[in-house]
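**Q** Could you put together the complete structure from these sequences and hints?
So the protein sequences, as listed, match chains D and S.
Just so you know, we're using my numbering here: the first sequence kicks off at 64 and counts up by one.
Just so you know, we're using my numbering here: the second sequence kicks off at 412 and counts up by one.
Treat the hints as calculated values from the structure; they're not laboratory data.
Each residue gets a CB set at the ideal place from its N, CA and C atoms; glycine is no exception.
Be aware that a few hints might be false.
One side only, chain D facing chain S, incomplete, derived with CB under 10 Å [as the list claims (entries may be wrong)]: (1) Arg129; (2) Ala147; (3) His169; (4) Val170; (5) Met226; (6) Gly230; (7) Asn231; (8) Ala237; (9) Phe238; (10) Ile239; (11) Thr241.
Counterexamples of contact, computed for chain S against chain D with all Cβ distances above 10 Å [what the hints assert, rightly or not]: (12) Leu436; (13) Val440; (14) Cys441; (15) Ala445; (16) Thr449; (17) Gln454; (18) Glu459; (19) Val514; (20) Gly516; (21) Glu520.
Label-pair ranges, simulated between beta-carbon atoms [claimed, not checked]: (22) Leu484(S) <-> Gly154(D): 33 to 41 Å; (23) Arg552(S) <-> Gly149(D): 25 to 33 Å; (24) Glu569(S) <-> Pro215(D): 28 to 36 Å; (25) Trp242(D) <-> Arg555(S): 23 to 31 Å; (26) Gln113(D) <-> Phe573(S): 15 to 23 Å; (27) Gln447(S) <-> Trp242(D): 35 to 43 Å.
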Amino acid sequence: MRGTLAWLHVALGSIALLGIIAMPAKAHHGGLGIEGDIIAWSLKVDQWQQEGFANGYRIKFLAYPRTTIANRSTRLVFEVQSIATGRYVGGLTVEVIVRFPTADEHVFAAPEIPGVTAYYELPYTFPTPGEYTVAFRTQANGQQLTAAFAQPVLANRLFGDWMTVTGNGVVLAAFIVTWLGAVLALQRRFLPEFMTF
Amino acid sequence: MKLFVEYWSTLLHLIGLLLLAGGHLWLAVCSVKAEQSTFDYGQRFLLELLPTISTLFGVGVLLLFTSGMAKLLLWYEPGFIFLPLPYGWILLTKLMLYIAIVVNGIWIERRHMVRLLKLGLPEVGDRISAELATAWAALQRQARLNFVLIMVVVAFGETLRFAKM
Chain D
64 MRGTLAWLHV ALGSIALLGI IAMPAKAHHG GLGIEGDIIA WSLKVDQWQQ
114 EGFANGYRIK FLAYPRTTIA NRSTRLVFEV QSIATGRYVG GLTVEVIVRF
164 PTADEHVFAA PEIPGVTAYY ELPYTFPTPG EYTVAFRTQA NGQQLTAAFA
214 QPVLANRLFG DWMTVTGNGV VLAAFIVTWL GAVLALQRRF LPEFMTF
Chain S
412 MKLFVEYWST LLHLIGLLLL AGGHLWLAVC SVKAEQSTFD YGQRFLLELL
462 PTISTLFGVG VLLLFTSGMA KLLLWYEPGF IFLPLPYGWI LLTKLMLYIA
512 IVVNGIWIER RHMVRLLKLG LPEVGDRISA ELATAWAALQ RQARLNFVLI
562 MVVVAFGETL RFAKM
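**A** Encoded structure:
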């Protein structure tokens, strides 16, 4: 009887553990923003960062990495969806206009990602830090679709906006505290004569 | 390779949780049971076991930190923790609580553990001294505080699954 109860506990514990690890994924068109990306795979969340509306269509945008760094390649990804039908619109000829802080504009083609309907992608390296505008332009059913998205670009990954500084700062603090704790613990065990407090 | 690191960091995180959170849970339960018992065998047993328990907690903390860092590096985002999204705020809170837990742990080990080890256990049959009992009570108080903090962090960890990135 006791053995059966013990096994029952083990089974219930295993089920709970599996439940925690293997949560069902949230279904989304074609997976998530970045196909096969480890973040999407691990966290199963929608990654679209901004969206715009034009003539009955929703245009979604994400930059990856989310925090863009100057002189590093960034993936600019777009998705087009009809608001009325919910259908994703593929086969479009898309242009992306990158507007610099100096008001200069560069126009690029953003082809559809092969095998992923309605995802349009452009790898781009922002040359300098600053506030850029990434505009999406295409034609669907004879209508012009345009949407503009703000994209800040940082100088480096360690310092920049408050989010970067806070993120890096707290991770650094956690590292220092862990390191200090480990050193003090080893000192107490192996060098107790050097303990000053 | 990414999946390999992901798998191992998740596994090590779970083992770390078992050691730290599970260990604190058992310590809390056992110390209450020992308090309620008529004789002091339970207290003696726990006091004798304290250095081992402390080592296991330390290993748990290291596993949690290493596996957490491995995941952050694996996912790589400048700024690391995905601020200002809800996911980032929860992760920031988790990290700050983690720092509080480790600082509290250092305090427990440097102050209470050292004092308890200096006082030592009395011979079998002798009563536990008032000084030892006071030090032991102080250690339990702070260990329970850490237990509460750890449970809050675990709850935040579960919340992360549903937070929008």
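**Q** Confirm or reject each hint.
**A** Evaluation of the provided hints:
1. At about 6 Å, the closest approach between the beta carbon of Arg129(D) and any beta carbon in chain S falls short of 10 Å, and the interface hint on this residue holds.
2. Interface restraint check for Ala147(D): the shortest CB-CB distance to chain S comes to about 25 Å, outside 10 Å, so the restraint is violated.
3. At a threshold of 10 Å, the smallest CB-CB gap from His169(D) to chain S is about 23 Å, leaving the interface hint violated.
4. The beta carbon of Val170(D) comes no nearer than 27 Å to any beta carbon in chain S, farther than 10 Å, and the hint placing it at the interface is violated.
5. With a cut of 10 Å, the hint placing Met226(D) at the interface with chain S holds, because the nearest CB-to-CB distance is about 4 Å.
6. Given hint, Gly230(D) at the interface with chain S, holds; its Cβ is 4 Å from that chain's nearest Cβ, closer than 10 Å.
7. For the restraint placing Asn231(D) at the interface with chain S, the shortest Cβ-Cβ distance is roughly 6 Å, inside the 10 Å limit, so the hint holds.
8. Interface restraint check for Ala237(D): the shortest CB-CB distance to chain S comes to about 5 Å, inside 10 Å, so the restraint holds.
9. Because the closest C-beta pair between Phe238(D) and chain S is about 7 Å apart, less than 10 Å, the hint holds.
10. Among the interface hints, the one on Ile239(D) holds; its C-beta lies about 9 Å from the nearest C-beta in chain S, closer than the 10 Å criterion.
11. About 5 Å separates the beta-carbon of Thr241(D) from the nearest beta-carbon of chain S, less than 10 Å, and the hint is met.
12. Even its closest Cβ contact with chain D, about 13 Å, leaves Leu436(S) beyond 10 Å, as expected for a residue assigned away from the interface.
13. A cut-off of 10 Å between C-beta atoms confirms that Val440(S) is not in contact with chain D; the least separation is 15 Å.
14. Distance check for Cys441(S) against chain D: the nearest CB is about 18 Å away, which clears 10 Å, and the non-interface claim stands.
15. At the 10 Å boundary, the C-beta of Ala445(S) stays outside the reach of chain D, the nearest C-beta of that chain being 23 Å off.
16. Every beta carbon of chain D lies more than 10 Å from that of Thr449(S), the smallest distance being close to 26 Å; the non-interface claim holds.
17. The beta carbon of Gln454(S) sits about 22 Å from the closest Cβ of chain D, which is more than 10 Å, so the claim that it is off the interface holds.
18. Against the 10 Å criterion, Glu459(S) stays outside the reach of chain D, whose nearest CB is about 16 Å from its own CB.
19. With a cut of 10 Å on Cβ distances, Val514(S) falls inside the contact zone with chain D, its closest approach being about 6 Å.
20. Not every CB of chain D lies more than 10 Å from the CB of Gly516(S), the least distance being 6 Å, so the non-interface label is violated.
21. Listed as a non-interface residue, Glu520(S) fails to keep its Cβ farther than 10 Å from every Cβ of chain D; the least gap is roughly 6 Å.
22. Taking the beta carbon of each, Leu484(S) and Gly154(D) are about 39 Å apart, inside 33 to 41 Å as hinted.
23. In this structure the hint that Arg552(S) and Gly149(D) lie 25 to 33 Å apart at CB is violated, the actual value being about 57 Å.
24. One distance hint, 28 to 36 Å for the beta-carbon pair Glu569(S) and Pro215(D), holds here, with the actual separation near 32 Å.
25. Taking the beta carbon of each, Trp242(D) and Arg555(S) are about 26 Å apart, inside 23 to 31 Å as hinted.
26. In this structure, Gln113(D) and Phe573(S) meet the distance hint of 15 to 23 Å, their C-beta atoms being roughly 22 Å apart.
27. Between Gln447(S) and Trp242(D) the C-beta distance comes to about 39 Å, which sits within the given range of 35 to 43 Å.
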